[in-house]
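Given the structure of chain P, go ahead and fit chain R onto it with the hints provided.
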Amino acid sequence: MITFQDVSKTYAGAGQHAALSGVSLSVAPGEVFGVIGASGAGKSTLIRLINGLEKPSSGKVVVDGDDVAALGVEGLRSLRRRVGMIFQHFNLLSSKTVAGNVAFPLKLAGTPDAEVKARTAELLARVGLSEFANKYPAQLSGGQKQRVGIARALATGPKVLLCDEATSALDPETTEQILELVSNLNRELGLTIVLITHEMDVVRRVCDRVAVLEGGKVVESGPVEAVFLHPASATARRFVTEAEGEPGEGVAVGGRLVRLTFKGEATYKPILGAVARETGVDYSILGGRIHRLRETPYGQLTLALTGGDVEAAIRRFEADGVRVDVIGEGGR
Amino acid sequence: MNDFMRNIDWSEIGQATIDTLSMLGGSMLLTVVLGLPLGVILFLTGKGQMLQNRLANGVLSLVINILRSVPFVILLIVMIPLTVALVGTSLGVAGAIPPLVVGAAPFFARLVETALREVDKGVIEASFAMGAKRRQVVLGALLPEAMPGLIAAATVTAIALVSYTAMAGVVGAGGLGDLAIRFGYQRFQTDVMVVTVVLLLVLVQALQMVGDAVVRRVSHR
Numbered sequence: 001m002i003t004f005q006d007v008s009k010t011y012a013g014a015g016q017h018a019a020l021s022g023v024s025l026s027v028a029p030g031e032v033f034g035v036i037g038a039s040g041a042g043k044s045t046l047i048r049l050i051n052g053l054e055k056p057s058s059g060k061v062v063v064d065g066d067d068v069a070a071l072g073v074e075g076l077r078s079l080r081r082r083v084g085m086i087f088q089h090f091n092l093l094s095s096k097t098v099a100g101n102v103a104f105p106l107k108l109a110g111t112p113d114a115e116v117k118a119r120t121a122e123l124l125a126r127v128g129l130s131e132f133a134n135k136y137p138a139q140l141s142g143g144q145k146q147r148v149g150i151a152r153a154l155a156t157g158p159k160v161l162l163c164d165e166a167t168s169a170l171d172p173e174t175t176e177q178i179l180e181l182v183s184n185l186n187r188e189l190g191l192t193i194v195l196i197t198h199e200m201d202v203v204r205r206v207c208d209r210v211a212v213l214e215g216g217k218v219v220e221s222g223p224v225e226a227v228f229l230h231p232a233s234a235t236a237r238r239f240v241t242e243a244e245g246e247p248g249e250g251v252a253v254g255g256r257l258v259r260l261t262f263k264g265e266a267t268y269k270p271i272l273g274a275v276a277r278e279t280g281v282d283y284s285i286l287g288g289r290i291h292r293l294r295e296t297p298y299g300q301l302t303l304a305l306t307g308g309d310v311e312a313a314i315r316r317f318e319a320d321g322v323r324v325d326v327i328g329e330g331g332r
Numbered sequence: 001m002n003d004f005m006r007n008i009d010w011s012e013i014g015q016a017t018i019d020t021l022s023m024l025g026g027s028m029l030l031t032v033v034l035g036l037p038l039g040v041i042l043f044l045t046g047k048g049q050m051l052q053n054r055l056a057n058g059v060l061s062l063v064i065n066i067l068r069s070v071p072f073v074i075l076l077i078v079m080i081p082l083t084v085a086l087v088g089t090s091l092g093v094a095g096a097i098p099p100l101v102v103g104a105a106p107f108f109a110r111l112v113e114t115a116l117r118e119v120d121k122g123v124i125e126a127s128f129a130m131g132a133k134r135r136q137v138v139l140g141a142l143l144p145e146a147m148p149g150l151i152a153a154a155t156v157t158a159i160a161l162v163s164y165t166a167m168a169g170v171v172g173a174g175g176l177g178d179l180a181i182r183f184g185y186q187r188f189q190t191d192v193m194v195v196t197v198v199l200l201l202v203l204v205q206a207l208q209m210v211g212d213a214v215v216r217r218v219s220h221r
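Order-wise, the sequence lines are chains P and R.
Take the first sequence: its letter number 140 is residue 140 in our numbering, and every next letter is one higher.
Take the second sequence: its letter number 205 is residue 205 in our numbering, and every next letter is one higher.
Among these hints, one or two may not hold up.
DSS-like, lysine-lysine: derived pairs with alpha carbons at most 25 angstroms apart [said to hold, decoys possible]:
hint, chain 1, residue 1, chain 2, residue 2
1, P, K159, R, K47
2, P, K117, P, K159
3, R, K47, R, K121
4, R, K133, P, K159
5, P, K117, R, K133
6, R, K47, R, K133
7, R, K121, P, K107
8, P, K107, P, K117
9, P, K159, P, K107
10, R, K121, P, K55
11, R, K133, P, K107
From the structure, some residues in chain R lie toward chain P, with a derived Cβ separation under 7 angstroms [stated by the list, open to error]:
hint, residue
12, G46
13, G122
14, V123
15, A129
16, M130
17, A132
18, Q136
19, E145
20, G149
21, H220
No lab work stands behind these hints: they were computed from the structure.
Source: prediction; values computed, not measured.
Just so it is clear, CB atoms sit at the ideal spot from N, CA and C, and this is done for glycine as well.
So that you can see chain R by itself, here it is in the shape it has in the complex:
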């Protein structure tokens, strides 16, 4: 066993785990901050909704589809100049966050739109009938009613971000994925590969469990 684990430098693994968690935390926060309003606008400008606008909805939908259809590895590379302009470097945790957000926010926005569509139209109508303003309907009825769906969407997005952070290792982002590629793959250190994969698996599992627990907590249906 000791022989099998001989390549493992636990302090390096620890640092990589912290890097992965920082990338995940930072990019998830920004993904929600950008993706949630985008998803809400996408929903509200849709057919039959309160801000129905074919042009705005079409343009937004197209941009989201384009971003979602670019493979993330390509996005990482294409984004390098923009990343440098935004955060001053394309390397490390900071350099990984812009492409991660650009990759995940459109995905999250679509999921938000889907979650909002699940909200009973009758509840929205009733809110208007009670004298609610549009803003009050969105903040007071639409979003709270969609909350279980929104949390589930955030969970799925966070898990997608975990695999994106692993890919970001390709362009020198650091983190567990980077470790797996440089040592596990390029130097044939199977033990490093196994440990990083197990850690990623544990991370994904933990995210799913926490997400599910929160959904149960906020769902009163």
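Next comes chain P alone, as it looks inside the complex:
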């Protein structure tokens, strides 16, 4: 659906600042693709290349079969009707009502009035704001404003939804609701979603795949599960740690330090006790987390194993489908 081929973007001006360099990635139809990075990593530029708000300095961005940079004015307008976008600060028109905002993209496209009316009502119902149709954005809460933003982005029936830090200005509870709505849209409408964020938690909740951006380069990408549970790059590790805290950090205990990763069913099995009994190993729990990656439960535990047959215990865990990473020898 979306392909970046060796895309670079340099802003003219002092020091020729490169916002993106040599980015290649592809987003499949119907998937939720996350791009995570710190501020200034190039996320905003990346997402704006998709709907042609920015033009690449080199390389090619192909969206829904169109080379974005090669499109003329009309081609670009047609692309933008197929690619909706929502924003961190919602960017609603303060001079128009909720219904007026949702109707705006339809009116821009020259849709007949009767159809605009019907479609606006349908979209407001979908985001649960039917009774707010005649209110102005200033009268709404942040979460409601973002719902209007979503309804507006969906008005022209796009195939792709771009989310530019769409939950960064919202409180945790509202973030949860908006992410759920986005997830539902992905499932029900088969919408391809690209979201950029600086929060690993957002990626964990809704994304299928993720690319980690640092200094304008993709430093790691892959299924969320892989990047989240076993981050390879320092940047990805930092984002995971930010979201979860470092398990067992700064604890001085003896024995072998291991990190166990449970996925799916194994997460809820009473494995620890069984292994301890069978191998005579004692364990101290230094840190742990149990969560869901979209629908899949997973757990990660950091243990210090002492006494008994540590090697046998590790083999036993692995036999039960638990991934074991030895992260060090504890010492007093």
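Here is chain R on its own, set in the frame of chain P:
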């Protein structure tokens, strides 16, 4: 009291008020018609805007600054030949309107530019992202979003025009200012001076109140 008001010819005051209002109405209309597009062009050709053009912006900005730096009394006199060419006379209400417009339109254009700068850039970006053409962005998003600021700018301009119309009395434009100068000042008729000043004050106050009310009405922020 009757003695104090002895110089006052109410029919003359009435005519002067009508003249002032006609000058104000006519010049305000033309000021908006000319100044609004100028202000929009000034904004759109500015740095980082959708029609960014340093040359056009520089030239327009310079012309506006030159016109704004000419004192209005001087402008009134310098414009006389042009005024005659345009409306056939340099006297009366008709003769006052061209210099009033040339004096006020650049001022209004600057205020329009400032009001447009206040519009959230995110809203403009979102409009483009929705597939709007430039014209649609300007007419459908930029101007409606700036409307409270534009109304406030028009109010300030209208009030500036009131004092300009008073000055236009110097070159025989008629109106309340003319009355104040000819009778109040030159003939020491203090009562005429007081009445005209009070009427001008009431006019200014009324304009400000109406302007503020309209701003409140169109503002949904």
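| H220/R as chain P interface residue, shortest Cβ-Cβ below 7 angstroms | Check passed: Cβ of H220/R comes within 4 angstroms of chain P, closer than 7 angstroms.
| request: Take a quick look at whether K159/P and K107/P sit within 25 angstroms of each other, Cα to Cα. | output: holds, 19 angstroms
| task | Would you settle whether the hint for V123/R is holds or violated, based on the nearest Cβ-Cβ distance to chain P being less than 7 angstroms? | result | Given a least distance of 5 angstroms, the restraint on V123/R holds.
| Holds or violated: K107/P to K117/P, with C-alpha atoms at most 25 angstroms apart | holds, 10 angstroms
| Has the given pair, K47/R with K133/R, been kept, meaning a C-alpha gap of at most 25 angstroms? | holds, 20 angstroms
| task | Return the status of the interface hint for A129/R: holds when the least beta-carbon distance to chain P is below 7 angstroms, violated otherwise. | result | holds, 4 angstroms
| field | Pair hint outcome, K121/R versus K107/P [Cα-Cα no greater than 25 angstroms] | value | holds, 21 angstroms
| Given the proposed pairing of K133/R with K159/P, does the C-alpha separation stay at or below 25 angstroms? | Since the Cα atoms of K133/R and K159/P sit roughly 21 angstroms apart, the hinted pair holds (cutoff 25 angstroms).
| message | Under 7 angstroms is the threshold here; is the Cβ of G46/R close enough to any Cβ of chain P for the hint to stand? | response | Violated - the Cβ of G46/R stays beyond 7 angstroms from chain P, reaching only about 17 angstroms at its closest.
| query | Is the hinted pair K47/R and K121/R satisfied, with a Cα-Cα distance of at most 25 angstroms? | reply | With Cα atoms ~13 angstroms apart, K47/R and K121/R stay inside 25 angstroms; holds.
| said: Min Cβ distance, E145/R to chain P: is it shorter than 7 angstroms? | reply: Status holds, d = 5 angstroms.
| request: Quickly compare the C-alpha distance for K133/R and K107/P to 25 angstroms and report which way the hint goes. | output: holds, 12 angstroms
Violated hints, listed in ascending order, are 1, 12 and 20; each of the other numbered hints is respected by the structure.
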